[in-house]
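Heads up: the sequence lines are chains A and B, in that order.
The first sequence: position 576 = 563 (my numbering), numbered continuously.
The second sequence: position 176 = 322 (my numbering), numbered continuously.
One or more hints might be untrue.
Not the full set, but computed from the structure, chain B residues with beta-carbon under 7 Å of chain A [as the list claims (entries may be wrong)]: (1) W161; (2) F165; (3) V169; (4) G171; (5) A172; (6) M180; (7) I182; (8) I183; (9) P184; (10) R294; (11) E296; (12) L300; (13) L310; (14) I312.
Calculated directly from the structure, the hints in this document are not laboratory data.
All C-beta atoms in this analysis are idealised placements derived from N, C-alpha and C, irrespective of residue type, glycine included.
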Amino acid sequence: MKITNIIHQQIAQLKWHILACFGLVMVLPLENAFVNFFDGDGFYDDRMFYAGMLISIFLSGLIASSNIQADFKQTRYTFWRSKPVNATLFIILKFFTGLSIAIFIVACPFLFGLVTTLIQGEEFLKNDSVIMSIIFATLALLAYAFCFASNILVRKTARSWLIGITLTCLTLLLPFILPFNYSLSSDRNGFFFIKCLFAVIAGGMVFSFVFAVLAAGRNWHLKTNLKGLLWVGAALLISLMLLFSTQVANIRVLDEKESQFASTDCLSAVDGRVMLADYGYVDVTGGKINLQPFDDRFFKYIKTRPKGKDADEYIKASDNKGFSWAWAFRRVFYMLDGEIFQLKMMAYYEPEKRADGKETRSRNYKKLFLLRRRLADDGPYALTVLDLSDFLQSHGGSLSLGRVLMRRFDNKLVLCIGDKLVEVDLSMSNKLEISNKHDLVTTRGWIFAKDNKEYRIPLLPVEGIGPVERIKSSIDYHIANILGDSQRSFNYSCVDIHNDKIAFIVHGEDNFTRCEVTRWDDKSIYFKITAVRDFTILENTFGSNWWYHTFVKDGRFYAWSKHDLLVFDIRSSGGIRKLGHFIRAQTEIEDVLVLDDGNILLALEHEKIKNMGDMEHTLALLKKP
Amino acid sequence: MFIKLIWKEWCENLWKLLFCTAVSGAFISLLFKMRIIPDEGNCLLISTIQMFVVPVVYSLDIFSGEMSNRTIHLLFKIPVSRPKIFLSKFILSALSIFLVFLLSGILMELVSGGREVWTFYLLKKNLMYGCTAVMLFVWFSPFGCQSRSEAGSLAAMFGVMIGLAIIYMWAKISEVGWALAAVPFSMVWDDGILPQNAFRVSILWIALSQVAALFVVASIACFRYTRIRRYL
Chain A
-12 MKITNIIHQQ IAQLKWHILA CFGLVMVLPL ENAFVNFFDG DGFYDDRMFY AGMLISIFLS
48 GLIASSNIQA DFKQTRYTFW RSKPVNATLF IILKFFTGLS IAIFIVACPF LFGLVTTLIQ
108 GEEFLKNDSV IMSIIFATLA LLAYAFCFAS NILVRKTARS WLIGITLTCL TLLLPFILPF
168 NYSLSSDRNG FFFIKCLFAV IAGGMVFSFV FAVLAAGRNW HLKTNLKGLL WVGAALLISL
228 MLLFSTQVAN IRVLDEKESQ FASTDCLSAV DGRVMLADYG YVDVTGGKIN LQPFDDRFFK
288 YIKTRPKGKD ADEYIKASDN KGFSWAWAFR RVFYMLDGEI FQLKMMAYYE PEKRADGKET
348 RSRNYKKLFL LRRRLADDGP YALTVLDLSD FLQSHGGSLS LGRVLMRRFD NKLVLCIGDK
408 LVEVDLSMSN KLEISNKHDL VTTRGWIFAK DNKEYRIPLL PVEGIGPVER IKSSIDYHIA
468 NILGDSQRSF NYSCVDIHND KIAFIVHGED NFTRCEVTRW DDKSIYFKIT AVRDFTILEN
528 TFGSNWWYHT FVKDGRFYAW SKHDLLVFDI RSSGGIRKLG HFIRAQTEIE DVLVLDDGNI
588 LLALEHEKIK NMGDMEHTLA LLKKP
Chain B
147 MFIKLIWKEW CENLWKLLFC TAVSGAFISL LFKMRIIPDE GNCLLISTIQ MFVVPVVYSL
207 DIFSGEMSNR TIHLLFKIPV SRPKIFLSKF ILSALSIFLV FLLSGILMEL VSGGREVWTF
267 YLLKKNLMYG CTAVMLFVWF SPFGCQSRSE AGSLAAMFGV MIGLAIIYMW AKISEVGWAL
327 AAVPFSMVWD DGILPQNAFR VSILWIALSQ VAALFVVASI ACFRYTRIRR YL
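In isolation and in its complexed conformation, chain B is listed as follows (with noise of 0.2 Å):
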């Protein structure tokens, strides 16, 4: 049943990672033609773009779909526990976000050719925000999952974003290390070393830090998912 419903959730968000793929390949195309910056800064530029905007779509309707289109009724009839409801659309998401990057990614080395970089230098960057994108998304999910609406989803995404990012220039400026290793963007803008404080974060400390805060997250949008109930 579990797989089923990881097979609805494809068949129905199909349409955002075509979308994703075609929009990130005609521009990838566009600007690898042009070279008007070097491949590495077009990179840096899509993938910026695509962290920011692949994780807005797929968060719009993910959860307040069910809500809007009043079919939530019929999710929770059938039998299966809410939280494999919850992982189903989760799982999906983030794997479907994270392939959007890799196929991103994939064509940039096609097209690039390694003319300019190493070979799967910018395959590796990409996935590095892919990553961060992913990230997004789990934080977004504790917000996001009683939504009831796109605007409500929007405004959970919006506000993730906005905080976490107020949160790394805090921590930046500050120099506060154990904030920086927990927050997404430092793995895409910041090589984890704080060059001036006592506090030399790796790369490692900063990713086990944020798997375990996903991790955290996540159960608790599991938790919030399943007590749904009272707002229908």
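Okay, chain A solo, but in the shape it has when bound (with noise of 0.2 Å):
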């Protein structure tokens, strides 16, 4: 048989399919064209032919299944089975005849919008529309292929067509379930990405096509049962789903309670005991979340504390009037000599205005406190400030708060704002003295790559306080604030110190790298890196990429972010070894505590569906994973 008339056959037995299909792609396309053209802008379509396209990934599957029943019903089979023509010349025929009318079909309303819009004078494709477009067209020609390849295996159209559209959403869902830690630092704007999943779209269309021509060749048929079929597709979906939640939401939640309040900054440690902000103790033993009121030195701090003569109160009213205020950074808790204090700073700043008079996001700062509050049992509570505004950074014509950390060590406050560093007598309990100040060398933010460098950082100038912490402080300043957010370095160490290694964790655009300190002198900290692990396809669909507040406690490292929170070894042999991932998207993560026995506890807040625009908080109690 002629190889023509071969063609002209397939096609003749596609005509009204092929009519079909080209009416359902092209409904939606000529339907905005008409919208518009009654709508006075003339006729063309700029946005409907994405529907169309979307819906001929599922008709090239229809076209497939056609062109294969249509000589695969028993009373066609033996027909063409006995007539001079060669099976696998016939299928191959069979299968790029389809494969041209499925582009066919794919492409038509494209070049409608296309042409359309270019005549129109319109602006037709936007950035990426282009990929997206051409991600549509080859995932129809691979339901095609997927779709043939079946129906010469299963002989029944309507099952073939849904194990066809089944292996071709799995194709697209498998990156995002199976764990493969792709590298998104190597990747930034994605064309790697898309370039594998062109070569995975190639790669199953060429595998149905030889699959395709050999079980044709050699008459493989699968009987299936309808029932059956549903069965194994639901198993596999599910079994995906599992392995979908092994991924992420895996940390168990032990138990969840609802509280008065969360906030950043919300929950505490002292004495042994856990705190949520000024309403009471948080109890979690046994894996259950108790809250009792304040009923000691806390709850007369509360009740005692007096409004409007509040230093708070009074330093609003009387110098910085017309300011916005900010809690900069968490607040710290210690006890010494069995009296608690509490440590916090307060900034004052005014939004920066354009040209315009509009406010920018920028913040003017103008005055920087820190409050010391004694919670003493034998009397009311005393308040003690120390004005720190001298020590704002000057930025371009404003101040800034630049760098920021804080860490105590006895009854020295060792204070590093922007570029300077302060230290604070705190033995007197009626007032707060600097003792000593300094200048610091800052260093500028780098990217980290995995390489044998070793790079060096300054050694913060502090006198009367151990090497090792002189390292891990320099390192919280340095390092920790590599990414601009001053409050990550306030309260929380990136620092782990382990079998005398001193290790840290940096927390980069695309990654968190593990640093180890090599070496030190009298000014410098040296370090190499050691391990990068980039964040995977999963947590950076899901995830809040490179925002994350990040600290290290007992050799486990905890990044999170307003929806997230991720928990990772970082003592492994393997570097840096991913244990838990727990998200939920439309509740924000208010404030993070690892308690001593490795469970987690996090302040929740979310909108109450009963009552929209109240908030509603929660405390959950996580499980150490």
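Please dock the two separately framed chains into a single complex, following the hints provided.
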């Protein structure tokens, strides 16, 4: 038989299917064009062609199914087998004829949109639209190939189509479901990922084609049962979901309880007890959360705190009218001689304004105070204030905080504000005094890559503390602020000391980097990079990417952002090993506290469904991952 | 005899009920335990997928199965009128689809325990989607009742879904109130109010329009089923 005759016969068999598919993919683009025309904008379609191309993915499978069923029905099967045409040649021609038809169906809405917008002079493709269009088109061809192969094997149209479309969807979902440690840092614009996708699609098409030719040539036929097929499909889907759940949301929630309050810095540990802001103690024994109102000096503090004469109110009222204020960083509680002290810093600022008078997000800081409260059993609390406004950094005509750090060593408080180091004497209960001041050498941020270079950072010029503490503080100050979030290093440490090794974690744009201190001298610390852990596709998709709060505790690295919490083991021989991932979309993680037993207490906030606009607060206890 | 027909259909299609309920239950347990998105979001996600998948499962061989297995000759020989045969299949399928949504809605309520939304809110939402799924099946019936294969039934069902979706989108874009009222998807994707036109369509009007439309459609399907003889 002549090849042209076979091709003609194939096209003639599919003429009604071609017409139907053409009509289906063009309905929405045509509708959009007519709507634009009647609105007076002209006859063109600039967006509905996406819908047409999406539908064509499913219709390509239909083309493949119809293409096969036309000749594989029982009545026709023996007919063409008996004709003098080679089975392999026949299937090859059938495949490519149907593929051409599928390409035509996919291209129609795109070409319609392109031509009509060009004629009208409208903008057609924007930015990533070209890549999306190409992805839709190649997916349609993949669906065609899979449906073609499954039809030859299964010989039932509906079931083969379902199998083919399922395989196409799985091909797309696999990178998100399987634990591929795809390196995002080496593929910032996503081109590598797209190339991989195209390679998978091309490979799938080639595999399907070869399989189809073999199956037809050797008359492979798989008898299927609808019931069995559906159960197998459902089992596969559930298995994939279970696998997906091991990648995310795999930290077990032991208990959840509604609480009165949740905000940044609302959880603290004092004297072995966990506190929730100014509301009460949180008892987490036995894996259950119990809230107990204060009945001790904290209760007295809350109840006896004078309104209006509170230093914050005093400060706000007197010198800083018109300024906004912010609690700058976490509160710090410490015990000394049986008394509890609370330290916190408070900053006043005004938002910077543009030339048109609109406010920007930048802040021009005006005042900075260190406040210390003494919560004593035998009397009212005492408040002392230290004005640190002189240490605000001048930056382009306004004042900023710069990098900040606060560490307490017995009666000495070490504060780094911008490029200044201040030592504050805490020994006097009725006042705070600056005992020492130094200028600091600040380092510029850099992006880490795995190499064998030895990096250097300056050591903080603090006297009277141990070398390890000095190294730890220096690393926290210089490194933890590398992405500019000054809140991170205030009370969190990114340093781990284990087996006489000092290691620390740096949070980069696309990864977490583990570094190890190799040596130090009087002026500097030297370190090398030992491991780099890039974000996976799943973390990149579901996580907050680079905006994480991070800290290290007991050899574990915790990174949390608005909606998710990641936990890593940084002492394993393999570098940085992920232990757990907790995520809740539409719930904000306000604060994280790691307990001594490794369990994690979260303060969560989310909008009430029952009363939109009101926020609901919850405490969640997570099991140690 | 009609009861026996219903019983026969129930026994033959029980596996579909068990399959849909089991799979829904597995996904509900998994998603509500993971809580990546809120309970309402999980409910909408599962209900939307169910709304499309469950009618497809039922429509695949409810009518075409008799033809492809060649049992329709025996079925038409029993002393029962063809409308009753059609109604037995139709009623059982519609009730079973609704039952799937009822059971999954109850499971959602039990798993969530009212932790985020009002009690019975998830059940109500799920049942709305169940009603839409039943409507989709009803719209499928006149096209699928004479189908001779699973492929034909699948094509008919997808044709109905895509066609109704296109009408829904056109009605939304062009603000055609009467068309929006007649389309099943407006029960779940629209509160029935078009804010910018004079046709302020209420939920009651949507419900009445759709009951009327469904009655007409089911009648047409019944009529077409009784005319099957010339295709055998």
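Index of numbered hints that the structure contradicts, given in increasing order
4, 10 and 13
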